[in-house]
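Turn these sequences into a full structure, and let the hints steer you where they fit.
There are 4 protein chains.
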Amino acid sequence: MAAAAATHLSVRAAPALRLRGKGTCRLLSCYASSSPPPPSSGEGFSGKVGFLGLGIMGAPMASNLIKAGCDVTVWNRTKSKCDPLLSLGAKYESSPANVALSCDVTFAMLADPESAVEVACGANGAAQGMAPGKGYVDVSTVDTATSKLIGKHITSTGASFLEAPVSGSKKPAEDGLLIFLTAGDDSLYNRVAPLLDVMGKSRFFLGDVGNGAAMKLVVNMVMGSMMVSFSEGVLLSEKVGLDPNTLVEVISQGAISAPMFSLKGPSMVKAAYPTAFPLKHQQKDLRLALALAESVSQSIPTVAAANELYKVAKSLGLADQDFSAVIEALKAKEQNPQP
Amino acid sequence: MAAAAATHLSVRAAPALRLRGKGTCRLLSCYASSSPPPPSSGEGFSGKVGFLGLGIMGAPMASNLIKAGCDVTVWNRTKSKCDPLLSLGAKYESSPANVALSCDVTFAMLADPESAVEVACGANGAAQGMAPGKGYVDVSTVDTATSKLIGKHITSTGASFLEAPVSGSKKPAEDGLLIFLTAGDDSLYNRVAPLLDVMGKSRFFLGDVGNGAAMKLVVNMVMGSMMVSFSEGVLLSEKVGLDPNTLVEVISQGAISAPMFSLKGPSMVKAAYPTAFPLKHQQKDLRLALALAESVSQSIPTVAAANELYKVAKSLGLADQDFSAVIEALKAKEQNPQP
Amino acid sequence: MAAAAATHLSVRAAPALRLRGKGTCRLLSCYASSSPPPPSSGEGFSGKVGFLGLGIMGAPMASNLIKAGCDVTVWNRTKSKCDPLLSLGAKYESSPANVALSCDVTFAMLADPESAVEVACGANGAAQGMAPGKGYVDVSTVDTATSKLIGKHITSTGASFLEAPVSGSKKPAEDGLLIFLTAGDDSLYNRVAPLLDVMGKSRFFLGDVGNGAAMKLVVNMVMGSMMVSFSEGVLLSEKVGLDPNTLVEVISQGAISAPMFSLKGPSMVKAAYPTAFPLKHQQKDLRLALALAESVSQSIPTVAAANELYKVAKSLGLADQDFSAVIEALKAKEQNPQP
Amino acid sequence: MAAAAATHLSVRAAPALRLRGKGTCRLLSCYASSSPPPPSSGEGFSGKVGFLGLGIMGAPMASNLIKAGCDVTVWNRTKSKCDPLLSLGAKYESSPANVALSCDVTFAMLADPESAVEVACGANGAAQGMAPGKGYVDVSTVDTATSKLIGKHITSTGASFLEAPVSGSKKPAEDGLLIFLTAGDDSLYNRVAPLLDVMGKSRFFLGDVGNGAAMKLVVNMVMGSMMVSFSEGVLLSEKVGLDPNTLVEVISQGAISAPMFSLKGPSMVKAAYPTAFPLKHQQKDLRLALALAESVSQSIPTVAAANELYKVAKSLGLADQDFSAVIEALKAKEQNPQP
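Protein chains in written order, with my numbering: chain F, 109 to 447; chain G, 109 to 447; chain H, 109 to 447; chain Y, 109 to 447.
It should be emphasised that the hints constitute simulated quantities derived from the structure, not laboratory data. Nothing here was measured: the structure is a model prediction, and the numbers come from that model. Heads up, the beta-carbon is just placed ideally off N, CA and C, and yes, glycines get one too. You can trust all of the hints, since none of them are fake.
Simulated restraints, written as ranges between beta carbons of each label pair:
#1 R185/G to P367/F: 41 to 49 Å
#2 D316/H to E222/Y: 50 to 58 Å
#3 K189/H to K392/Y: 50 to 58 Å
Chain F stretches covered by chain G per the calculated footprint, using a threshold of three residues with CB under 8 Å from any CB of chain G:
#4 341–355
#5 364–376
Non-contacting residues of chain F with respect to chain G, defined by C-beta distances greater than 10 Å in every case (computed):
#6 S154
#7 G163
#8 D294
#9 G425
Listed below in structure tokens is the structure:
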């Protein structure tokens with residue numbers, strides 16, 4: 109059962125939840141949010157849900173909550189982005205503080221650490237509407253220090269705080285298949301579990317605030333480095349006269365098959381990099397991971413080598429393309445140096 | 109249809125075959141090998157099959173052919189290894205030459221290039237039993253030069269040659285789920301396709317002899333480099349206080365999920381490396397891949413960095429353990445320098 | 109002539125000064141500091157010199173100024189370290205503010221950025237004794253941001269500021285053979301040039317504050333990376349049966365001969381690392397250089413690879429030994445991993 | 109004394125020789141080669157000297173021998189290259205075999221392993237003119253295997269063999285300042301020491317044939333890696349707004365000062381790479397060094413990273429320029445990838 113599963117303090121997932129049939133259960137649990145839940149259940153979320161930040165990720169996440177029957181109040185810096193959600197039945201408040209004031213738990217999905225801090229702690233920020241009994245769940249991807257800062261502001265009001273960065277980009281957000289890497293207040297974790305299950309396919313509770321950010325960083329680090337290994341394989345296969353599309357297919361059938369390779373491989377072969385995760389963000393994550401590794405004196409040589417290539421790609425003008433464009437950094441261009 | 113699919117000269121897989129229900133089809137096709145096939149089918153293999161080399165890979169592969177109803181004749185340097193197959197119904201011949209003489213197509217699965225050459229081209233080697241109309245399929249993993257050498261010996265007898273190294277280790281061999289990376293004679297490829305489909309889940313025809321070896325090398329190169337990236341993540345997560353088992357689970361649910369990580373991650377966390385693919389072989393493949401890349405001036409920096417770690421692991425005495433033991437090379441050990 | 113040489117705004121050294129016979133000239137110029145200089149000379153420093161920080165570097169630097177006849181006033185956090193200099197004729201003041209108040213120019217040589225900031229900007233810090241007409245020369249090695257912060261505090265009093273980190277360690281400090289990498293106020297540079305020439309063998313004026321720190325970082329970066337290349341050569345020669353001492357000697361005679369190799373090579377062969385420049389400081393400089401390179405998207409792959417080895421060396425417990433101990437990170441130790 | 113110094117079997121240089129005034133001594137010792145030496149001396153070479161191969165290196169080396177008074181007989185594949193030496197007083201023979209037949213010791217300086225083998229072991233090769241009492245000194249740079257092959261052919265005639273690759277390029281060859289890394293027959297080493305001292309400034313006897321080649325490889329490996337470290341520094345300094353020429357000058361005064369940096373730095377800053385040592389040869393040496401390191405499981409990560417850049421430089425079309433052109437591989441070029 110979810111409530112029990114989440115009382116533990118140690119780092120673990122709640123696999124039982126991930127195995128549930130999703131449709132029925134969610135509808136049930138979130139339906140419960142606008143009418144009394146079955147007394148013996150304990151499952152489902154009862155209360156009003158706030159959602160701050162309706163960008164590429166936030167909009168589909170909030171949308172999924174509404175579709176599941178939750179009572180959702182939204183806010184976005186650019187108000188027009190709220191309209192599609194209002195038409196789905198969401199309510200609107202004119203500031204983060206007002207959203208927090210009118211809701212039981214408030215989610216925030218902002219683009220960067222600065223916005224996350226501003227929305228939580230700034231003038232008319234969420235903290236001003238917080239109080240004991242309320243909860244704030246920051247699902248933005250921020251660094252450990254930022255997460256701790258926000259947590260401190262929120263908890264100083266007596267409210268509870270949960271950091272919950274997500275693994276997954278636009279498509280999984282739309283499909284309700286995100287992965288939540290949470291840390292902070294474990295009873296808030298238990299309380300919002302039904303909501304996380306509406307938006308995601310799995311969730312992990314990792315202990316103290318900061319651990320969610322760290323876990324996400326390590327995952328993204330492995331991803332960035334793997335992408336370079338894969339790029340090296342694609343280019344080498346091509347250079348020696350093999351069809352790189354065949355390499356992509358062969359890889360897709362074996363032990364190193366990964367969704368990322370199958371998804372991005374074919375467009376990489378065509379030198380097309382439609383942005384799902386911007387290269388500059390991947391490079392930033394490698395930089396942060398190298399700093400994290402340095403703080404504990406852990407050697408990570410392939411990450412260090414990979415990072416140098418992302419830097420080359422940035423200087424090639426590819427910062428805003430998909431991170432798979434790092435393959436361009438491995439293509440030497442013929443040139444005529446000065447005599 | 110297999111015959112049609114394989115007439116192409118370009119590099120591609122035969123996806124239709126992979127989508128077939130396997131059980132029935134195989135039984136049918138290989139049953140056909142010892143009695144006339146249904147006249148309108150054209151599918152299935154009609155003839156006697158030789159199999160040379162019954163080690164970790166060869167034994168289950170030959171076994172699958174026998175179980176599918178094929179007429180199999182075996183040989184192995186150490187004769188006792190033939191016994192389990194004889195009890196399944198295989199025939200025996202006393203030399204590679206005699207196997208080749210008595211069979212229509214002969215498969216060879218040897219441990220290293222030297223053995224592959226000896227069994228094909230040496231005294232009483234398979235080439236001495238070859239003749240026009242017969243085929244030799246070498247499924248060993250050898251370098252390009254060795255493959256070409258064997259091919260030259262075989263085709264000089266008028267027989268056909270197909271190199272067909274496999275992707276996959278012991279378990280896929282037992283389960284009939286190998287991937288064949290073939291190159292050489294395409295009509296031999298068409299002819300043995302039903303047999304490859306008994307032993308594997310997919311097959312690729314890649315053109316001239318050498319391309320199969322090259323493709324396998326590139327795949328293994330990406331694998332070796334990915335394993336290091338993953339190892340760096342596992343150790344970093346542990347060093348910063350996260351549970352590395354949770355990292356393995358988080359990775360298993362996202363875009364970089366790969367069977368290799370799920371399979372080996374849990375034992376790597378426990379510093380256990382039961383050998384599926386020996387570290388020394390992985391390092392050798394990285395060395396060969398670096399040489400291949402150099403021959404075409406392709407930069408592969410993460411592979412170069414990864415290779416250095418496999419070398420460290422070898423000097424730590426881990427050459428015969430699984431290649432996932434490369435993680436040990438990233439663990440610095442406290443010590444007291446100065447004499 | 110020094111005054112003329114230093115009026116330039118561009119980055120250059122003042123080679124004429126480096127070619128001067130040092131003995132006579134210094135004595136003359138600093139003698140001038142405690143009595144009126146020859147009216148037509150323009151060379152030499154006239155005024156009182158303060159010196160804050162008398163550690164491994166500061167003590168011999170201040171000592172050289174005193175021996176050259178300068179009127180020197182010292183301060184050190186631990187007062188006892190002032191005694192040897194007082195016995196040479198130095199005066200003493202009880203705080204950085206008082207030193208600055210009583211002197212025309214004040215030098216500071218602190219161990220780290222925190223101390224440098226505290227001594228310059230803290231309570232009773234040098235800035236509190238600064239005023240128009242006075243100069244502050246920080247010869248500590250700090251990062252660009254720290255240097256700018258200190259400069260801002262100093263110049264807000266109307267005084268002039270020069271950053272002047274030195275290249276060279278204990279021995280060159282004692283021998284008056286340091287290299288000054290200065291930036292900031294160029295008329296202060298001209299004014300203190302005779303003092304720099306007492307303590308060093310050459311000096312560069314590099315423009316705006318921050319450039320001195322950046323230049324020092326780049327030099328140390330190349331040094332750190334070269335040390336790893338050299339270590340790899342030493343170990344490889346030994347492993348293949350050559351005498352590594354012979355390698356050191358052969359290198360000392362050719363195009364890659366460098367004082368560092370000749371000085372440290374013989375002890376490295378014996379696995380002895382008497383500390384001249386602590387490994388942890390070298391690793392820190394590589395980290396800062398990687399950050400600097402990242403800020404301009406410059407790829408520096410050998411530095412990135414080298415940095416990983418310094419991290420390994422740190423985790424081997426070698427942080428406080430000489431940076432040449434990085435060679436230990438390349439020695440794989442036999443071990444028995446768990447089964 | 110040279111004769112005594114060279115009787116040792118262990119690896120060491122003969123420093124005494126390097127400290128001698130060169131002029132007088134050489135004239136004396138080589139004058140002795142065409143008239144009886146002073147009976148008690150033991151120094152000087154008495155006999156006829158052959159020289160095969162008169163390219164960029166061979167011509168000035170042979171020229172120095174003639175100028176020192178030696179009795180020199182030359183041969184070159186393209187006969188016209190012999191003319192300048194004949195005009196200095198050299199004799200001519202029409203084949204390597206004839207040179208060997210008419211001389212006491214024969215030197216060979218060929219461009220690559222193939223030529224070295226051909227000239228020593230081919231038809232009319234030197235081996236056909238060899239006999240007990242004669243010596244063959246191969247000063248070409250070849251790999252260990254080639255050197256052993258040549259040595260075997262020579263010694264099978266009863267003659268003695270010394271491998272003696274040189275460190276130093278065109279200018280040191282002209283100036284008689286080469287460094288000889290010899291191995292093989294130590295009494296031949298003693299015998300030709302006076303000749304080596306005419307052509308070089310120092311010489312090392314390193315034991316068994318193969319050790320000279322290995323030592324040269326390690327030195328060149330460190331050189332190739334250092335050049336990349338230096339290139340990274342030059343580019344980084346430029347990117348952050350420093351004058352790279354100043355970096356070159358600062359480096360030239362400190363602990364990492366090396367002749368290579370001072371010589372090549374200024375032209376590298378101008379992106380000019382006049383060929384002294386071709387980039388493709390440097391890359392080949394790194395490849396061979398990586399193979400050597402692998403054979404003994406020695407990790408050399410900065411060399412591995414550097415090698416990848418030389419490969420990039422090769423694919424940029426810089427193979428025949430000076431190896432300092434590797435800096436181009438670190439310059440990312442703006443481009444417009446496909447959308």
